[in-house]
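Novice: For reference, the chains in residue letters:
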Amino acid sequence: MLDIADLSVSYGAIRAVRGISFTLRAGELVSLLGANGAGKSSTIKCIAGALKASGGSITLEGKAITSASPEQVVRAGLATVPETRDVFPDLTVAENLMLGAYIHRRDPAGNRENLEKLNALFPRLAERSSQPAGTLSGGEQQMLVIARALMSRPRILLLDEPSLGLAPSIVERIFEMIETLKKSGLTILLVEQNVNQALAVADRAFVMRLGAIVASGTAEEIRSTSDLSAHYLGG
Amino acid sequence: MAFAIQFVIDVLSLGGAYALMALGLVIIYGILRLVNFAYGELIMVAGYTMFLASGSGLPWIVMAVLAVGMAIVFGILTDYVAFRPVRAKSVTAVLITSFAFSNLLQNAALLFISPRPRNVPLPDIFSQTVSIGGAITPVRNLITIAASILLLAGVAFLMRRTTLGIAMRAAATNFTMARMLGVPANLIISSAFALSGFLAGVVGILWIGRIGTVVPGVGLEPLLVAFIATVIGGMRSLPGAVVGGFLLALIDTTLNYTLSQDLLKFRDAFTFSLVILILLWRPEGLIRGPASGQRT
Numbered sequence: 001m002l003d004i005a006d007l008s009v010s011y012g013a014i015r016a017v018r019g020i021s022f023t024l025r026a027g028e029l030v031s032l033l034g035a036n037g038a039g040k041s042s043t044i045k046c047i048a049g050a051l052k053a054s055g056g057s058i059t060l061e062g063k064a065i066t067s068a069s070p071e072q073v074v075r076a077g078l079a080t081v082p083e084t085r086d087v088f089p090d091l092t093v094a095e096n097l098m099l100g101a102y103i104h105r106r107d108p109a110g111n112r113e114n115l116e117k118l119n120a121l122f123p124r125l126a127e128r129s130s131q132p133a134g135t136l137s138g139g140e141q142q143m144l145v146i147a148r149a150l151m152s153r154p155r156i157l158l159l160d161e162p163s164l165g166l167a168p169s170i171v172e173r174i175f176e177m178i179e180t181l182k183k184s185g186l187t188i189l190l191v192e193q194n195v196n197q198a199l200a201v202a203d204r205a206f207v208m209r210l211g212a213i214v215a216s217g218t219a220e221e222i223r224s225t226s227d228l229s230a231h232y233l234g235g
Numbered sequence: 001m002a003f004a005i006q007f008v009i010d011v012l013s014l015g016g017a018y019a020l021m022a023l024g025l026v027i028i029y030g031i032l033r034l035v036n037f038a039y040g041e042l043i044m045v046a047g048y049t050m051f052l053a054s055g056s057g058l059p060w061i062v063m064a065v066l067a068v069g070m071a072i073v074f075g076i077l078t079d080y081v082a083f084r085p086v087r088a089k090s091v092t093a094v095l096i097t098s099f100a101f102s103n104l105l106q107n108a109a110l111l112f113i114s115p116r117p118r119n120v121p122l123p124d125i126f127s128q129t130v131s132i133g134g135a136i137t138p139v140r141n142l143i144t145i146a147a148s149i150l151l152l153a154g155v156a157f158l159m160r161r162t163t164l165g166i167a168m169r170a171a172a173t174n175f176t177m178a179r180m181l182g183v184p185a186n187l188i189i190s191s192a193f194a195l196s197g198f199l200a201g202v203v204g205i206l207w208i209g210r211i212g213t214v215v216p217g218v219g220l221e222p223l224l225v226a227f228i229a230t231v232i233g234g235m236r237s238l239p240g241a242v243v244g245g246f247l248l249a250l251i252d253t254t255l256n257y258t259l260s261q262d263l264l265k266f267r268d269a270f271t272f273s274l275v276i277l278i279l280l281w282r283p284e285g286l287i288r289g290p291a292s293g294q295r296t
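Here the protein sequences come in this chain order: G and B.
Here the UniProt record's numbering is used: position 81 in the first sequence is 81, and no number is missing along the way.
Here the UniProt record's numbering is used: position 4 in the second sequence is 4, and no number is missing along the way.
Think of the hints as simulated: they come from the structure by calculation, not from any bench.
Misleading hints may appear alongside valid ones.
[To be verified] Away from chain B, derived, C-beta distances all over 12 angstroms, residues of chain G: (1) Ser-10; (2) Arg-105; (3) Val-195.
[Unchecked claim] Just so you have them, the derived chain G footprint on chain B, three or more residues with Cβ under 8 angstroms: (4) 74-82; (5) 272-285.
From the three backbone atoms N, C-alpha and C, an ideal C-beta is built for every residue, glycine too.
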């Protein structure tokens with residue numbers, strides 16, 4: 001469904017991603033693991049169109065989206081939840097969600113239907129719909145960013161560190177929700193530092209280190225790889 | 001009583017014009033984090049359009065609509081000429097291109113029209129006065145107040161109730177994230193320039209209505225006023241621009257009423273001293289803008 005081939009990303013002279021290749025199959029949840037600075041977020045940002053690739057290609061269902069702008073990427077059916085948890089703090093929860101459906105703004109009936117489904121999945125957000133998003137707790141903001149991404153009715157969801165800086169109980173709920181989304185048939189690329197939880201929900205996983213993929217396989221295979229912690233600790 | 005009414009009308013009419021000027025500047029700043037130095041020339045364009053149309057025999061209101069239309073066109077043109085080609089480059093590059101475009105327009109007016117003041121057609125109502133509770137005031141002040149209320153309400157509606165407005169507010173906070181939701185960057189930026197041009201056009205007619213003539217440098221004072229008002233109010237906040245505009249008008253009008261004839265020459269010095277005091281007290285302006293912000 002999504003093919004990444006020989007992808008490189010550079011910041012000036014620094015090569016953050018060095019020619020990585022992987023494939024995301026429809027309905028599958030793939031985890032991208034690795035320590036800080038391994039190049040995971042750069043990979044996600046590049047797929048999302050927020051960073052330019054310095055080499056390689058990104059193909060979505062046979063269509064090249066390597067140099068697509070962020071707005072073209074979301075129109076192609078790929079929604080991104082960035083690690084920075086970017087809610088629009090001055091906009092209400094409802095306005096944030098409405099913007100999530102920007103590309104479907106000519107289909108209000110479809111948006112209402114989608115919103116009802118999301119309200120069932122995120123009851124807290126429904127309660128707070130007229131509140132400015134900046135007043136939500138960290139966990140609620142994360143829920144909002146995910147719900148907002150889903151308002152674009154994506155076929156692929158890119159989740160960058162959804163558990164970052166959240167309390168364990170909330171992390172658990174986020175992962176439950178990721179399971180639910182996976183069961184609904186959504187294809188998900190999950191970047192995580194929280195290895196155990198990421199592997200628990202993943203079908204397959206890749207481990208990145210210094211901009212390259214150093215291990216890949218099913219979640220089971222990755223878990224049993226003895227040097228996983230070495231990759232993580234950068235040792 | 002008459003004095004109080006006079007004072008209030010003066011503050012509101014001057015403040016309304018200042019607020020609209022500031023709003024036009026802050027709409028661009030909010031999204032691009034850049035001051036559009038060619039903003040004053042949009043007011044000039046509106047003025048010269050009125051002058052050039054004056055011989056056509058068109059009804060005044062048609063000329064006014066034409067003038068606002070030209071200000072919008074030049075607003076969008078500013079984006080295409082001064083901003084879009086260098087948007088990905090450094091802030092300095094964009095500052096220089098916006099100065100260059102401002103100079104280009106001013107010099108074009110000098111060269112092709114005249115360095116001397118040109119009369120702008122104004123309807124009779126602009127020079128009439130009316131008595132309210134004993135206070136004699138020009139009708140154009142009341143027109144300015146009415147136009148400001150309508151436009152401020154219109155902008156508030158646009159920014160709060162329409163998808164385009166909400167997308168513009170979102171883009172002002174986090175442009176990249178807005179784009180990642182499918183909001184097209186160019187549409188948002190061009191809309192901001194069009195809205196800025198629209199406000200400049202209306203302000204231009206009201207402002208030039210006070211003087212009755214247009215010169216190539218007519219936009220300098222409005223640009224300065226708008227800039228100071230946005231600095232006082234908070235560079236990134238739309239309500240801040242409005243508050244800043246009215247506050248600046250309050251300061252100016254109070255000084256006009258209270259300073260003796262000898263000191264009135266130094267009014268700007270008093271105004272700026274107060275502005276400095278306000279900024280020492282609230283360095284980020286009276287109203288803080290959106291929490292985060294970034295350029296494209």
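Novice: Does each hint fit the structure? Answer for all of them.
Specialist: Here is what the structure says about each hint:
1. Ser-10: For Ser-10/G, whose nearest Cβ neighbour in chain B is about 16 angstroms away, the distance exceeds 12 angstroms, so it holds.
2. Arg-105: violated, 5 angstroms
3. Val-195: The claim stands: Val-195/G keeps its Cβ more than 12 angstroms from every Cβ of chain B (closest is about 26 angstroms).
4. 74-82: violated (count 0)
5. 272-285: That given contact is violated, which follows from only 0 residues of the stretch 272-285 of chain B lying within Cβ reach (below 8 angstroms) of chain G.
In this structure, the earlier hints numbered 2, 4, 5 are contradicted, and the remaining ones agree with it.
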